[in-house]
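Participant: Listed below, chain by chain, are the residues.
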Amino acid sequence: MEGQWYDAEAGPLVRPYAMTGGRTKPGPHGVRFDLIALVVVDPDGGEGAVGAAGSPLGPEHRALLGLCRSETQSVAELAAEADLPVGVVRVLLGDLLEAGHVKVSRPVPPAQLPDERILREVIEGLRAL
Amino acid sequence: MGLHDNGTDGPVAGTGAGADGDDEELAALALKILVAGGFGVGKTTLVGSVSEIRPLRTEEALSRAGELVDDTEGVDQKTTTTVAMDFGRITIRSGLSLYLFGTPGQDRFWFMWDELSQGALGAVVLADTRRLEDCFPAVDYFEHRRIPFVVAVNCFTEARHHGAHEVSRALDLDQGTPVVLCDARDRDSGKEVLIRLVEYAGRVHTARLLESVEPQAGPV
Ligand SMILES: Nc1nc2c(ncn2[C@@H]2O[C@H](COP(=O)(O)OP(=O)(O)O)[C@@H](O)[C@H]2O)c(=O)[nH]1
Ligand SMILES: [Mg+2]
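Those protein sequences? They're chains U and Y, same order as listed. All letters in the first sequence, in the order written, are residues 1 to 129 by the working numbering. All letters in the second sequence, in the order written, are residues 1001 to 1220 by the working numbering.
No lab work stands behind these hints: they were computed from the structure. We put the CB at the ideal spot given by N, CA and C, even for glycine. Take these hints with a grain of salt, some might be off.
[To be verified] Covered by chain Y, according to a simulated footprint, are these stretches of chain U (three or more residues, beta-carbon under 8 Å): (1) 66-80; (2) 115-128.
[Stated by the list, open to error] Here's a subset of chain U near chain Y, in silico, CB distances under 10 Å, partners left out: (3) L35; (4) I36; (5) A37; (6) L38; (7) V40; (8) D44; (9) V86; (10) S105.
Take these sequences, add in the hints, and give me the full structure.
Facilitator: Given below as C-alpha cells:
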C-alpha cells in the first residue's frame, strides 16, 4: 500500500474512448449505469454482434463478459478488474445490454433505500464478519 | 437526489403503475457507502482494511474542465485525464453486498461526489485531529445533501487524543451525528465505524419516513 494507492492524483493523459469507436455515451437506450448497478450474463445471449452497425464483439466486450460470467459484478468492479475507465465500461455495457448479452439491475431507488429489515441484516452481517 | 423522499423525481418504482415490465428484478441488492476526508487521512487504508477484495481502484475519465467524459458530447480526447477512486466490497450474504467508495480528495474532483453520492446509504467522513479543517468540506457536502454520515476520527498515534465531544463541537455537527474514534488500519475498528453508520442511517431514514407521513399539522 505505497504511494500507488494514493487517490486523487490525476493520471496520465489517456485516450480511453478509442475502444468504443469514440463513442462517449451508451447506446440509444441512453442508460447511464450506476456504479453499483449489477451486471449478470444473460444465459440466453449468444456470441452475436453488438451495436447498431452489427460490429462483432471486441476484446473489451469479451473481457467484460468473461468477468461477469464468473460472478455477478457491479459496474465499478468491472471497471477496476478490466482496468478500464468507468465511462468506457458504461458504453461497452450498453452495447452488451442492447445485444442481449447481459442484464443490468437498476440501482435501488434512493427513496426505497434502507429497508429496516435489510439494514438490520447488514449490521448483523458486519458484526459476524 | 440523495435520500430525499420529497418525490420531486416523479413517482418512485413500486407504487403500482405497472410500468415495471422491463425491470426484471434481480434478487441481488447492492448498497453504497462513501468514505470521504482530506488527503492522507486514511481513506484508502480504511477501505482496504474492511474490504474482502484487494483494494481496487476504478478510474473515471474526466475532461480538463472537470466533467465526467461520458456526459460530454464529442469531448477532445487530448484534454482527458483519469482519476482513481478507492473501491471495496463486503458481502453480507449472497445477494446483499456493501460497496465502499473512497471519494477523490482533491477539490477539483468534487463534482464526482454528486455521482457517487446518488443513492448512497451514507458516508464516513474520516478526520485527523491534527488537521480537522480538512474534513470541513466533506461535512458541509453531506449535510447540505442530507446524506447520513458519521465522523470517524482516525487516531494516529502521534496525534493528541481528543474526545468525540470535542470533535463534534469543533465541527459544529448537527445533534445526533455520530463521532467515532477509530484506527483505520484495524479491521474490527473499521467494521465498527460501518456499523455505527448503518445504524445511524436507519434512524435518519425512519425519522424522515415519519416526517413524510405526518402532515405539518400540529400535535394532537
Ligand atoms: N499511524 C497510523 N497511520 C495511518 C493510519 N491510517 C492510515 N495511516 C497511514 O497514513 C498514510 C495515509 O493513509 P491513506 O489511507 O493513504 O490516506 P488517504 O489519502 O485518505 O487515502 C498511509 O501511509 C497510512 O499507512 C492510522 O490509523 N494510524
Ligand atoms: Mg487514498
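Participant: State for each hint whether it applies.
Facilitator: Hint-by-hint comparison with the structure:
| no. | hint | result |
| --- | --- | --- |
| 1 | 66-80 | holds (count 6) |
| 2 | 115-128 | holds (count 10) |
| 3 | L35 | holds, 7 Å |
| 4 | I36 | holds, 4 Å |
| 5 | A37 | holds, 8 Å |
| 6 | L38 | holds, 5 Å |
| 7 | V40 | holds, 7 Å |
| 8 | D44 | violated, 12 Å |
| 9 | V86 | holds, 5 Å |
| 10 | S105 | holds, 4 Å |
Hint 8 from the earlier list is the only one contradicted by this structure; the remaining hints agree with it.
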